[in-house]
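Number of protein chains: 2
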Amino acid sequence: MFQEAEIDPKLSQSEFKKIEAHLRVQLINEQYRHINLKDRALLILIAGIDGAGKGETINLLNDWMDPRHIHTVAFPDPNDEDRAYPPARRFWLKLPAKGEIGIVFGSGYTPLFKAAARKHQDIDALEQNIRFVRRLEANLVANGVQVIKLWFHLSREAQRARTEQLLSNPSTAWQVNKLDLKAQKKFESIRRAGQLIIEATDAAYSPWVIIPSADPQLRTVRTAQAILQALKTAAPKVPKFHDPARQSPLPPAAYPVAQLQQALTLSKAEYDAQILQLQNRLALAVRSKGFKKQALALVFEGADAAGKGGAIRRVTRAIDARQFDVMPVSAPTPAEMSRPYLWRFWGHVPRRGRVAIFDRSWYGRVLVERVEKLVSRASWVRAYDEINDFEKQMVEQNTIVLKFWLDVTPDEQLKRFKERTHSPFKQFKITDDDWRNRRKAKAYATAAKEMFAYTNTLEAPWHVLPANDKHYARVEVLKCIVKALEDAQR
Amino acid sequence: MFQEAEIDPKLSQSEFKKIEAHLRVQLINEQYRHINLKDRALLILIAGIDGAGKGETINLLNDWMDPRHIHTVAFPDPNDEDRAYPPARRFWLKLPAKGEIGIVFGSGYTPLFKAAARKHQDIDALEQNIRFVRRLEANLVANGVQVIKLWFHLSREAQRARTEQLLSNPSTAWQVNKLDLKAQKKFESIRRAGQLIIEATDAAYSPWVIIPSADPQLRTVRTAQAILQALKTAAPKVPKFHDPARQSPLPPAAYPVAQLQQALTLSKAEYDAQILQLQNRLALAVRSKGFKKQALALVFEGADAAGKGGAIRRVTRAIDARQFDVMPVSAPTPAEMSRPYLWRFWGHVPRRGRVAIFDRSWYGRVLVERVEKLVSRASWVRAYDEINDFEKQMVEQNTIVLKFWLDVTPDEQLKRFKERTHSPFKQFKITDDDWRNRRKAKAYATAAKEMFAYTNTLEAPWHVLPANDKHYARVEVLKCIVKALEDAQR
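Quick mapping for you: the protein sequence lines, in order, are chains A and X.
For the record, in the first sequence the residue sitting at position 77 is 77 according to the working numbering, with numbers rising by one throughout.
For the record, in the second sequence the residue sitting at position 44 is 44 according to the working numbering, with numbers rising by one throughout.
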């Protein structure tokens with residue numbers, strides 16, 4: 001695959017001059033079409049042999065296009081703060097909005113290339129990481145981020161010559177860094193790693209393009225052409241992505257809960273006794289030394305008036321207000337709409353040692369957005385896998401993910417709606433939307449049932465709780481949380 | 001001021017029960033009025049004697065109110081990443097939106113109290129910091145953030161008794177931390193520091209409330225009442241804030257530039273030679289060791305078609321794309337509208353070692369927002385001071401702030417508009433707005449003139465450049481930047 005690049009092809013000054021002007025006009029015009037259309041974001045991942053002139057080329061393109069709509073980010077080795085979150089978070093948070101171009105140096109591929117360049121590779125870990133990257137890219141592309149990946153390549157001799165030339169002139173020597181010098185020594189292993197990873201991660205929807213880099217003019221032209229092509233072609237389609245190696249989900253959570261279970265109640269006295277004791281255990285668990293290396297994400301879902309807010313308050317009561325965040329989830333903002341839908345939740349993933357509470361969540365995509373037809377069928381079908389991946393990443397970072405569905409029967413819901421309407425203390429809690437949603441109860445029930453079938457994973461199982469009796473439901477929520485925390489600290 | 005608190009008043013259980021229910025209903029109702037009205041944010045700063053039960057009280061209030069609209073944040077000692085920016089940045093970025101409540105532990109007051117508690121105080125530094133906090137609060141209140149400050153206080157004996165009682169029970173001992181124990185020893189100096197700072201920073205628009213804290217019930221009631229009162233009263237007015245100790249601005253920058261100067265031009269050959277040499281110096285300066293401890297903020301203002309974009313590209317060409325960010329400034333988003341207008345710029349203040357380029361800027365408030373009457377007269381008049389403070393904070397953090405006004409004459413602007421309309425390569429650059437703005441040229445000129453009178457400070461002076469000749473203007477911009485960087489590294 002590096003054949004062409006390793007003969008170090010060149011473009012003469014006169015050929016370059018002939019192409020340049022036209023290429024620049026095309027590029028700026030296509031960029032503006034992209035800015036005005038706002039139908040997708042373009043993400044350009046940069047990799048390749050150190051010292052091949054990646055930075056130089058990107059700087060030139062920033063100059064050819066409108067740099068106000070290009071965001072170039074580099075991800076150096078993660079620092080302590082980065083490591084307090086799942087590794088992909090910092091990458092997600094920097095995703096460009098629709099109409100923008102993001103250029104990324106040192107993406108999630110950096111550790112991949114490093115691992116593949118090792119003498120003794122951990123093949124299993126490598127394969128797992130490759131699958132992860134493939135899934136992530138499929139997710140991005142399907143959600144409006146077009147991805148192209150550029151590998152800057154040249155022969156060993158050309159790399160050496162280029163480095164020496166830069167070093168020989170004091171006004172260019174700063175362009176050479178330690179990595180470039182190291183690259184000479186390790187050329188063969190870097191080359192092999194590149195080949196392996198490129199082959200494993202090349203896809204029609206997120207292709208690799210090899211850029212011959214020995215000659216600056218050809219390098220520039222090829223890079224510009226690759227970007228131009230990406231901007232010109234229609235947003236790529238992602239084939240339905242099924243990965244047989246993924247952990248299969250558990251059997252669907254039992255929903256709706258049986259009438260027998262809905263009859264479970266707790267007297268005020270029992271409730272008071274149990275809840276205080278559970279809150280005390282919760283208070284100790286989140287303040288323990290062990291929890292400093294963990295995190296807790298709590299998802300509350302359920303129909304309107306199912307008692308989510310009340311349950312959340314029984315949880316937060318036991319936790320220091322400085323240690324938790326509650327995210328009430330409603331309709332996305334314009335900035336959120338212009339990125340993949342998980343983007344806004346990545347900003348609220350809990351840091352190590354903290355508790356994040358979601359009052360409604362990313363499951364909105366397969367509940368309200370599905371039922372209200374706010375997104376295409378393909379979008380919400382795909383979301384099951386995307387959500388499982390998202391939660392898995394939290395779990396792998398030592399986050400305990402607990403998902404609660406508070407289940408009320410339609411009769412009980414109606415009773416609560418009426419109560420709210422008549423209570424001066426609660427009437428702010430009921431809106432016209434609530435009555436409208438109630439009329440769609442059947443569609444919501446179907447959506448919930450499917451959600452339980454596809455997202456009840458080993459890593460993050462659903463807890464479907466009978467919630468006709470508020471006391472019972474609140475105690476069960478606390479029991480689940482306390483058990484999970486205490487188990488994890490054993 | 002601590003007299004009442006130090007007799008450690010109590011509320012009996014029966015009195016508390018009488019008040020509690022009513023207080024809670026009032027509090028949740030007022031919170032919802034606040035949420036629905038969205039006319040301001042409420043910021044509650046928490047301070048006081050360690051071990052007075054601050055955390056406990058705030059947790060209880062989170063429980064009494066709707067915690068989904070309360071954001072409690074603690075600011076521990078700044079880490080390396082925090083220190084790469086002006087100190088107030090992390091605080092600004094966490095400001096609550098209108099309709100929300102923010103509770104802040106360890107705000108900008110923490111260093112103030114610490115400094116005031118020292119045996120040998122640096123009175124000048126202390127006074128300067130006090131003035132800074134007062135100005136910051138005036139800024140927040142004037143821009144839609146209501147501020148109240150709670151000082152939790154109790155007598156030395158009560159503090160000791162409370163700490164011992166908590167320590168004696170394993171299920172409450174975790175509530176006591178090292179600071180609480182230290183507070184016993186240093187009680188007198190903490191008390192004195194509190195008194196000094198409270199007296200110096202109490203203001204009608206951001207009042208301190210002393211909360212007697214020996215008795216948990218009275219402490220809770222007083223805290224709830226303070227918040228209730230804040231929610232109930234109309235948003236406070238900030239008196240025109242004039243601080244005679246502030247650095248006076250330089251004389252106004254000369255605007256518009258004289259016809260003689262507008263006649264300055266550079267031939268293509270001169271331009272090419274100079275610009276390359278300047279870009280090379282810029283490239284070296286931003287890659288130097290010295291720059292790792294500095295930062296650069298570039299502001300570009302000027303009429304439509306003044307050549308801001310072109311000048312910016314001549315600058316970015318010399319800088320590695322990974323080292324700069326360009327922020328094109330247009331109308332604020334809803335999230336931005338619901339915070340003080342400087343909030344969105346705080347998110348783009350350059351980190352140490354980086355370059356932030358603003359294509360239009362915070363000066364929008366005193367230009368377009370003034371001319372188009374998007375804000376009240378009081379708002380933009382106040383903004384001059386707020387902007388000077390903002391820039392000063394960057395400068396104090398070793399950031400070089402350079403502000404460029406590219407000045408074109410109306411005739412030249414018209415010529416460029418026509419060119420744009422007819423060029424296939426540039427027509428995306430011209431919109432109906434541009435023609436409309438042109439008709440308001442007089443009002444914009446008045447606004448610009450006043451801006452130069454009030455914001456031409458020693459720390460961040462304006463560079464008003466003749467820009468009828470693009471070559472000349474671009475070279476001047478680069479000269480300014482290179483000179484500032486090279487001077488700073490001497």
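It should be emphasised that the hints constitute simulated quantities derived from the structure, not laboratory data.
Misleading hints may appear alongside valid ones.
For lysine-lysine, the following DSS-like pairs were computed, each having C-alpha atoms within a straight-line distance of at most 30 angstroms [as the list claims (entries may be wrong)]:
(1) X:Lys114 x A:Lys182
(2) A:Lys292 x X:Lys440
(3) X:Lys442 x A:Lys94
(4) X:Lys292 x X:Lys442
(5) X:Lys268 x A:Lys293
(6) X:Lys292 x A:Lys182
(7) A:Lys292 x X:Lys114
(8) X:Lys17 x A:Lys268
Do the hints match the structure? See the list:
The straight-line distance between the Cα atoms of Lys114 (chain X) and Lys182 (chain A) is roughly 49 angstroms, outside the 30 angstroms bound, and the hint therefore fails. A hinted pair counts as satisfied when its Cα atoms are at most 30 angstroms apart, and Lys292 (chain A) with Lys440 (chain X) does not qualify at roughly 59 angstroms. For the hint linking Lys442 (chain X) to Lys94 (chain A), the alpha-carbon distance of about 41 angstroms lies beyond 30 angstroms, and the restraint is violated. Under the criterion of a C-alpha separation no larger than 30 angstroms, the hint pairing Lys292 (chain X) with Lys442 (chain X) is inconsistent with the structure, at around 43 angstroms.
Restraint check: the Cα-Cα separation between Lys268 (chain X) and Lys293 (chain A) comes to about 62 angstroms, which exceeds 30 angstroms; the hinted pair is violated. Restraint check for Lys292 (chain X) and Lys182 (chain A): satisfied, since their Cα atoms lie roughly 24 angstroms apart, inside the 30 angstroms limit. Pair hint Lys292 (chain A) plus Lys114 (chain X) holds up; C-alpha atoms about 28 angstroms apart against a cutoff of 30 angstroms. For the hint linking Lys17 (chain X) to Lys268 (chain A), the alpha-carbon distance of about 18 angstroms falls within 30 angstroms, and the restraint holds.
In the structure shown, a violation is registered for the earlier hints numbered 1, 2, 3, 4 and 5, in ascending order.
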